[in-house]
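K.L.:
Residue-level listing of the chains:
2 protein chains.
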Amino acid sequence: MPEPSPVLIVGSMALDSVRTPVGEVKDALGGAADYSSVAASFFAPVRLVGVVGDDFPREHLDYLTSRGIDLAGVEIVPGGRTFRWAGYYDFDLNIAHTLDTQLNVFADFQPKLPDAYRRAQYVFLANIDPELQLQVLSQVENPALTVCDTMNFWIEGKPDALKEVLRRVDIAFMNDAEARQLTGKLSIIKAAKALQDLGPKTVIIKKGEHGALLFHGGQHFAAPSYPLEDIADPTGAGDSFAGGFIGYVASRGDTSMATLRKAVVYGSVLASYNVEDFSLNRMRRLTDADIAARYRAFQEIAYFEAMDEATV
Amino acid sequence: MPEPSPVLIVGSMALDSVRTPVGEVKDALGGAADYSSVAASFFAPVRLVGVVGDDFPREHLDYLTSRGIDLAGVEIVPGGRTFRWAGYYDFDLNIAHTLDTQLNVFADFQPKLPDAYRRAQYVFLANIDPELQLQVLSQVENPALTVCDTMNFWIEGKPDALKEVLRRVDIAFMNDAEARQLTGKLSIIKAAKALQDLGPKTVIIKKGEHGALLFHGGQHFAAPSYPLEDIADPTGAGDSFAGGFIGYVASRGDTSMATLRKAVVYGSVLASYNVEDFSLNRMRRLTDADIAARYRAFQEIAYFEAMDEATV
Numbered sequence: 001m002p003e004p005s006p007v008l009i010v011g012s013m014a015l016d017s018v019r020t021p022v023g024e025v026k027d028a029l030g031g032a033a034d035y036s037s038v039a040a041s042f043f044a045p046v047r048l049v050g051v052v053g054d055d056f057p058r059e060h061l062d063y064l065t066s067r068g069i070d071l072a073g074v075e076i077v078p079g080g081r082t083f084r085w086a087g088y089y090d091f092d093l094n095i096a097h098t099l100d101t102q103l104n105v106f107a108d109f110q111p112k113l114p115d116a117y118r119r120a121q122y123v124f125l126a127n128i129d130p131e132l133q134l135q136v137l138s139q140v141e142n143p144a145l146t147v148c149d150t151m152n153f154w155i156e157g158k159p160d161a162l163k164e165v166l167r168r169v170d171i172a173f174m175n176d177a178e179a180r181q182l183t184g185k186l187s188i189i190k191a192a193k194a195l196q197d198l199g200p201k202t203v204i205i206k207k208g209e210h211g212a213l214l215f216h217g218g219q220h221f222a223a224p225s226y227p228l229e230d231i232a233d234p235t236g237a238g239d240s241f242a243g244g245f246i247g248y249v250a251s252r253g254d255t256s257m258a259t260l261r262k263a264v265v266y267g268s269v270l271a272s273y274n275v276e277d278f279s280l281n282r283m284r285r286l287t288d289a290d291i292a293a294r295y296r297a298f299q300e301i302a303y304f305e306a307m308d309e310a311t312v
Numbered sequence: 001m002p003e004p005s006p007v008l009i010v011g012s013m014a015l016d017s018v019r020t021p022v023g024e025v026k027d028a029l030g031g032a033a034d035y036s037s038v039a040a041s042f043f044a045p046v047r048l049v050g051v052v053g054d055d056f057p058r059e060h061l062d063y064l065t066s067r068g069i070d071l072a073g074v075e076i077v078p079g080g081r082t083f084r085w086a087g088y089y090d091f092d093l094n095i096a097h098t099l100d101t102q103l104n105v106f107a108d109f110q111p112k113l114p115d116a117y118r119r120a121q122y123v124f125l126a127n128i129d130p131e132l133q134l135q136v137l138s139q140v141e142n143p144a145l146t147v148c149d150t151m152n153f154w155i156e157g158k159p160d161a162l163k164e165v166l167r168r169v170d171i172a173f174m175n176d177a178e179a180r181q182l183t184g185k186l187s188i189i190k191a192a193k194a195l196q197d198l199g200p201k202t203v204i205i206k207k208g209e210h211g212a213l214l215f216h217g218g219q220h221f222a223a224p225s226y227p228l229e230d231i232a233d234p235t236g237a238g239d240s241f242a243g244g245f246i247g248y249v250a251s252r253g254d255t256s257m258a259t260l261r262k263a264v265v266y267g268s269v270l271a272s273y274n275v276e277d278f279s280l281n282r283m284r285r286l287t288d289a290d291i292a293a294r295y296r297a298f299q300e301i302a303y304f305e306a307m308d309e310a311t312v
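Protein chains in written order, with our numbering: chain W, 1 to 312; chain C, 1 to 312.
In isolation and in its complexed conformation, chain W is listed as follows (with noise of 0.2 Å):
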């Protein structure tokens, strides 16, 4: 076995304050960083890149540090406000509701990957302004993978930067509607073959309740989903996969279709978890054994036998 490579992470660092059917949550610990940075500590180690105001709680400084994440790229603005999320979920889970979003700092962050995060083999740009990600893989030297997540707000705002991205990175996350409307194709399939046309080579469309596809060159690969019957609060459901995925992958130190699979269902592990309670509560008690029972559990789900040759 390896030992795990570290893993780069650059994006968003949040206070969320959040409201579903089943409770609230006032500045809580959010942001896609610190979703996909948690849920990857699990795998490898963690080198992060953000920015936060000096309001951001020491207290989650000394967290994220626990995990195993390296918070020598996180600049801490003095003076400054953190990025704050306020928004609310109805009865239908799948839509978010933005009440207010203050950039605050995070409205002049300029990613600067210190000297030693430079040469990270395992790179993962969470869901920001596509330019900042061009910035990121301008600094990073020989990367094995990279990884990008995005949203429908630079799909729509950036859509010549978000592509000038897809060109350059190995793996492109995306949810099915997303999918949809940077590719203007309504079969998932067409869209997840248009994304490969435009140069990611891996393709991960992330499908909520239903789960989650992986395309692969000309490989195909559905992860179901866990069959949550309470969701608490979906609130970094993608991060949270991705990050997992991109945390195993490093672990493992291949990029094989073989581990790609595994990762994805890692990835919906971390996820399924998340979602179970608010900010990132559940994954702050999650522990090795947990995810084992649950990677079990997605083996039963997605269990058939082989067919009896004398049937058919």
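Since the hints were derived computationally from the structure, they do not count as laboratory data. Since the model is a prediction, treat every value here as computed from it, not as a measurement. Among the hints, erroneous ones may be present.
Pairs of lysine-lysine residues, derived as DSS-like cross-links and limited to a Cα-Cα distance of at most 27 Å, are as follows [what the hints assert, rightly or not]: (1) W/Lys207 - C/Lys190; (2) W/Lys207 - W/Lys190; (3) C/Lys190 - C/Lys207; (4) C/Lys207 - W/Lys193; (5) C/Lys112 - C/Lys185; (6) W/Lys185 - W/Lys207; (7) C/Lys190 - C/Lys158; (8) W/Lys185 - C/Lys207; (9) W/Lys158 - W/Lys190; (10) W/Lys207 - C/Lys207; (11) C/Lys193 - W/Lys207; (12) C/Lys163 - W/Lys207; (13) C/Lys158 - C/Lys112; (14) C/Lys193 - C/Lys158; (15) W/Lys185 - W/Lys201; (16) W/Lys163 - W/Lys207; (17) W/Lys185 - W/Lys163; (18) C/Lys207 - C/Lys163; (19) C/Lys201 - W/Lys190; (20) W/Lys190 - W/Lys163; (21) C/Lys163 - C/Lys185.
Guided by the hints, dock chain C onto chain W, whose structure is given.
P.N.:
Here is chain C on its own, set in the frame of chain W:
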């Protein structure tokens, strides 16, 4: 290997006129009982109960007979006109737009089982009026397995009769929208459990491009969908899915979870082929080798390795 038991199938036999973005057919062989019987016939003998007018082309009856489908239960009404459906699909193939429905002889359909059919072990009640489904159930003597399908029309129009059917069958098929509509649960997991609470030990949720879910007692199986890029005509997908399912179960003669999982995959195989062409045209030229090849493709799509115990 036991001799496959015959499957009793009751439902609509129709002549469909369908237009999709890639073509159209007029007065083509259709109807839930025709699709499901032909799909089941790849695995087990079928005994069909339905009604047509004497305008129903002889060649369709000959084709069904050639598939090992016993037509002793098919009533041919002299001077009667066969049930006709006309509709179209636009860009979104998930939505069928009805142009015209002529019930004709189907309006007075009173399913009467020939004596030899009453001891059927495997019974599939395709999508028809739930009061007729109940009539069929009262005529079968001691079935090993009863399976029903339905549609939004009956959920809205005859919910009480439909619930009585659900109390009396072993397995219920429904698509995700129908399951949500009948139970009032937005979560598909909660909806499936609410359906189980109404009676059937086993519930199968059809999700189209997102595959299918099997709930059996407290167990759960998720089947992927086949990544088709081009769908000619989605008509009959659910019927061929259910037909392939029950045909395979009858061929095995057991209703273990392992068999039900495989039956869901065989059903998915039949449905995925069926939508490749209009009417039953793809099933007309389908071979056992085709079925075997696609079953293996489903295995490849769903497979991932067990955990590395050393990692987590």
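K.L.:
Against the structure, test the hints numbered earlier, and report the numbers of the ones violated in rising order.
P.N.:
5, 12 and 19
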